[in-house]
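Novice: On the provided structure of chain A, position chain B as indicated by the hints.
In case you want the letters, here they are:
There are 2 protein chains.
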Amino acid sequence: MNNFNLYVPTRVLFGQGQIAGVAKQVPAGARVLVTYGGGSVLANGVMDQVRAALGERIVAEFGGIEPNPDYATLMRAVTLGREQGIDFVLAVGGGSVADGSKFIVAGIPYEGDPWDLLTGKGKVKTAVPLGVVLTLAATGSEMNSGAVISRRETGDKLFFGSEKVFPRFAVLDPSTLFSLPVRQTANGVVDAFVHTIEQYLTYPVNAKVQDRMAEGLLLTLIEEGPKLLENPSDYDARANVMWAATMALNGYLGAGVPQDWSTHMLGHEITAVHGLDHAQTLAIVLPAMLAARREPKRAKLLQYAERVWGLREGSEEARIDGAIAATRAFFERMGVPTQLSGHGIREPRLDAILAKLEAHGMTKLGEHGDVTLDTSRAVLEAAV
Amino acid sequence: MNNFNLYVPTRVLFGQGQIAGVAKQVPAGARVLVTYGGGSVLANGVMDQVRAALGERIVAEFGGIEPNPDYATLMRAVTLGREQGIDFVLAVGGGSVADGSKFIVAGIPYEGDPWDLLTGKGKVKTAVPLGVVLTLAATGSEMNSGAVISRRETGDKLFFGSEKVFPRFAVLDPSTLFSLPVRQTANGVVDAFVHTIEQYLTYPVNAKVQDRMAEGLLLTLIEEGPKLLENPSDYDARANVMWAATMALNGYLGAGVPQDWSTHMLGHEITAVHGLDHAQTLAIVLPAMLAARREPKRAKLLQYAERVWGLREGSEEARIDGAIAATRAFFERMGVPTQLSGHGIREPRLDAILAKLEAHGMTKLGEHGDVTLDTSRAVLEAAV
Numbered sequence: 001m002n003n004f005n006l007y008v009p010t011r012v013l014f015g016q017g018q019i020a021g022v023a024k025q026v027p028a029g030a031r032v033l034v035t036y037g038g039g040s041v042l043a044n045g046v047m048d049q050v051r052a053a054l055g056e057r058i059v060a061e062f063g064g065i066e067p068n069p070d071y072a073t074l075m076r077a078v079t080l081g082r083e084q085g086i087d088f089v090l091a092v093g094g095g096s097v098a099d100g101s102k103f104i105v106a107g108i109p110y111e112g113d114p115w116d117l118l119t120g121k122g123k124v125k126t127a128v129p130l131g132v133v134l135t136l137a138a139t140g141s142e143m144n145s146g147a148v149i150s151r152r153e154t155g156d157k158l159f160f161g162s163e164k165v166f167p168r169f170a171v172l173d174p175s176t177l178f179s180l181p182v183r184q185t186a187n188g189v190v191d192a193f194v195h196t197i198e199q200y201l202t203y204p205v206n207a208k209v210q211d212r213m214a215e216g217l218l219l220t221l222i223e224e225g226p227k228l229l230e231n232p233s234d235y236d237a238r239a240n241v242m243w244a245a246t247m248a249l250n251g252y253l254g255a256g257v258p259q260d261w262s263t264h265m266l267g268h269e270i271t272a273v274h275g276l277d278h279a280q281t282l283a284i285v286l287p288a289m290l291a292a293r294r295e296p297k298r299a300k301l302l303q304y305a306e307r308v309w310g311l312r313e314g315s316e317e318a319r320i321d322g323a324i325a326a327t328r329a330f331f332e333r334m335g336v337p338t339q340l341s342g343h344g345i346r347e348p349r350l351d352a353i354l355a356k357l358e359a360h361g362m363t364k365l366g367e368h369g370d371v372t373l374d375t376s377r378a379v380l381e382a383a384v
Numbered sequence: 001m002n003n004f005n006l007y008v009p010t011r012v013l014f015g016q017g018q019i020a021g022v023a024k025q026v027p028a029g030a031r032v033l034v035t036y037g038g039g040s041v042l043a044n045g046v047m048d049q050v051r052a053a054l055g056e057r058i059v060a061e062f063g064g065i066e067p068n069p070d071y072a073t074l075m076r077a078v079t080l081g082r083e084q085g086i087d088f089v090l091a092v093g094g095g096s097v098a099d100g101s102k103f104i105v106a107g108i109p110y111e112g113d114p115w116d117l118l119t120g121k122g123k124v125k126t127a128v129p130l131g132v133v134l135t136l137a138a139t140g141s142e143m144n145s146g147a148v149i150s151r152r153e154t155g156d157k158l159f160f161g162s163e164k165v166f167p168r169f170a171v172l173d174p175s176t177l178f179s180l181p182v183r184q185t186a187n188g189v190v191d192a193f194v195h196t197i198e199q200y201l202t203y204p205v206n207a208k209v210q211d212r213m214a215e216g217l218l219l220t221l222i223e224e225g226p227k228l229l230e231n232p233s234d235y236d237a238r239a240n241v242m243w244a245a246t247m248a249l250n251g252y253l254g255a256g257v258p259q260d261w262s263t264h265m266l267g268h269e270i271t272a273v274h275g276l277d278h279a280q281t282l283a284i285v286l287p288a289m290l291a292a293r294r295e296p297k298r299a300k301l302l303q304y305a306e307r308v309w310g311l312r313e314g315s316e317e318a319r320i321d322g323a324i325a326a327t328r329a330f331f332e333r334m335g336v337p338t339q340l341s342g343h344g345i346r347e348p349r350l351d352a353i354l355a356k357l358e359a360h361g362m363t364k365l366g367e368h369g370d371v372t373l374d375t376s377r378a379v380l381e382a383a384v
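Residue numbers (the numbering used here), protein chains in the order written: chain A, 1 to 384; chain B, 1 to 384.
Check before you lean on any hint, since a few could be wrong.
A pair counts as met if it fits within one copy or between any two copies, since identical chains are not told apart.
Derived SDA-like pairs: lysine to any residue, alpha-carbon spacing no greater than 25 Å straight-line [to be verified]:
hint	residue 1	residue 2
1	LYS364	TRP261
2	LYS24	PRO9
3	LYS356	ALA318
4	LYS227	ALA299
5	LYS157	ASP236
6	LYS157	ALA378
7	LYS121	ALA318
8	LYS121	THR363
What the hints contain is simulated information worked out from the structure, not anything from laboratory work.
Pulled out of the complex, with its shape left as it was, chain A reads as follows (with noise of 0.2 Å):
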């Protein structure tokens, strides 16, 4: 096992009814910001919660975050929470909404152009505080101190991190999820699956409790899943869906492991070229970078075929292709397309993403550094 340093003080309430639980949590003379995304949280009753548990204490509502969050939106919420003298934000969405809503609690007050706390020109030194209610399982956002903000005038989509930027709590009521589009569902279980996938499907440092942590979260999205098509009002699978989503992503899985995160950065400039939903992606790349990097991947690609899907018969070959073959068929029973044809891509723009991985120094990605711009042209020549 490698090496670690592990904090994680997010405050979790789960469960439904939990909502109400942000009047104990919200300090009682706060004057609080609440951001929130697109407006499905005014129409689905949660907003309404979010209000009663307030109570007297709500100052502002700042709406319209959009996925992708872009720091022209956030910056008038910066500037609106500077106004109003903000004290605490509350957060009420899915990962867009908690990852802008990370950057406006830094940059409330920052002293400076707070377009240096994502270029790393400037540092995260007092936030204000931030707590979340989750509306949609995937990133985990609601329970780490990372970020991603784009700034669509200049087309840049940056990192940011900071331990300043923890939620003190998350609300994770399974039940605010049954509305959901079938598409963000499919698209949660995906990403929090290649979540897991970018933690564990390495190479073994024997680090056992991480290793069966990691088996057991793709185990639950794989049971769990698919029962989110059928019934999406399924409170139990929703719920094991819900945390393992929040438990890929909150830094114990990566705990004193190597991490790999290629098939996220390929990802990221699918979307920024043709303008494909993240998760749909990740679906993409991963299937074709495991296939490409099965060698780096031999033994921990062996141990996934075993421990998750099952395959102990047969030649390694076999066992690590069909290890593959059924993470493509999970993806695809999810709805969700695993090569750029399924969206009607045909042709896409491979040297215009290759370019954006070169301009964005993504020359060496994965656990070994060795993911190419031959390599990542290669997966991506599989994934079409």
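Specialist: Chain B alone, transformed into the frame defined by chain A:
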């Protein structure tokens, strides 16, 4: 899945050489009280590393915290802490030192009789910050907010817990365990195993992530525990067992699921009456407890049989019998007897043990509250 409130703010610094990290975790100007137990940390070099990390900061050391830490001992540390104006306590040792230090950090600022903190008459309103350098993998105290304190003067053994006494950080360096006596190593594996069982082997609530995590911890302990008997300096095995023991009682396993703890309660009284080590009592009670409660635990016993012990053939009864026998054999393989007679106790003082259970109100134990004194007697009789 049941609702839950999960909060685990302890930072974990894991791995070889991490004790040096104490330098960054303890505030520069802190007046530090270093607490420890019987002195093995003075002999094995751990205290030297701690002193080096603390540099000029160290103010006082307090040794002699005994297994099942005693109120009178701890009160001497409280007095010392007050006299010295201590504002940080660093516990260097195993679960007893960690538990005892939780009482010390709550006791120092407490106005009133600190005994009230244990009886429930008083509440922890504030506590001196606490850090832990762990030198024994077993209890999980390094990453939770509970402690068990004994008062030999009155024969009491009481639990207290408060989020205020969560360690701010815990350093887990597996190489500090190389010099542990075999008995403590084996006890630690059994302790972590039974902690996991008490939160897993109850009745199904469809909590798939928690179930898979628990099974992963059990498999890790089964695979890695025996290696330590052969090679006490096996770093990877130490690391896996150490992390499993922490994960077994940091709150994640028990979140959203029923819990049992009846084996622990009976075990406590056996320790009180016959003086056996805590883990020794667990190894004696658990197999008999599972056998006695096979009906209410049937579904989970069958899951345990299949997923942990690979028992898929034969009748339900045969699989359950097999799982209980395998559990017993595992403890025996670790060198920990599973009958009282294994410790030379052929005529146990069952009446005294049951009288203590009754005196402590332990008459309706278990996840269903159906472990009466009659059940406890039957379990103890089966464990002779």
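Novice: Go through the numbered hints given earlier and state which of them the structure violates, listing their numbers in rising order.
Specialist: Going through the list in order, the structure violates hints 3, 5, 7 and respects the others.
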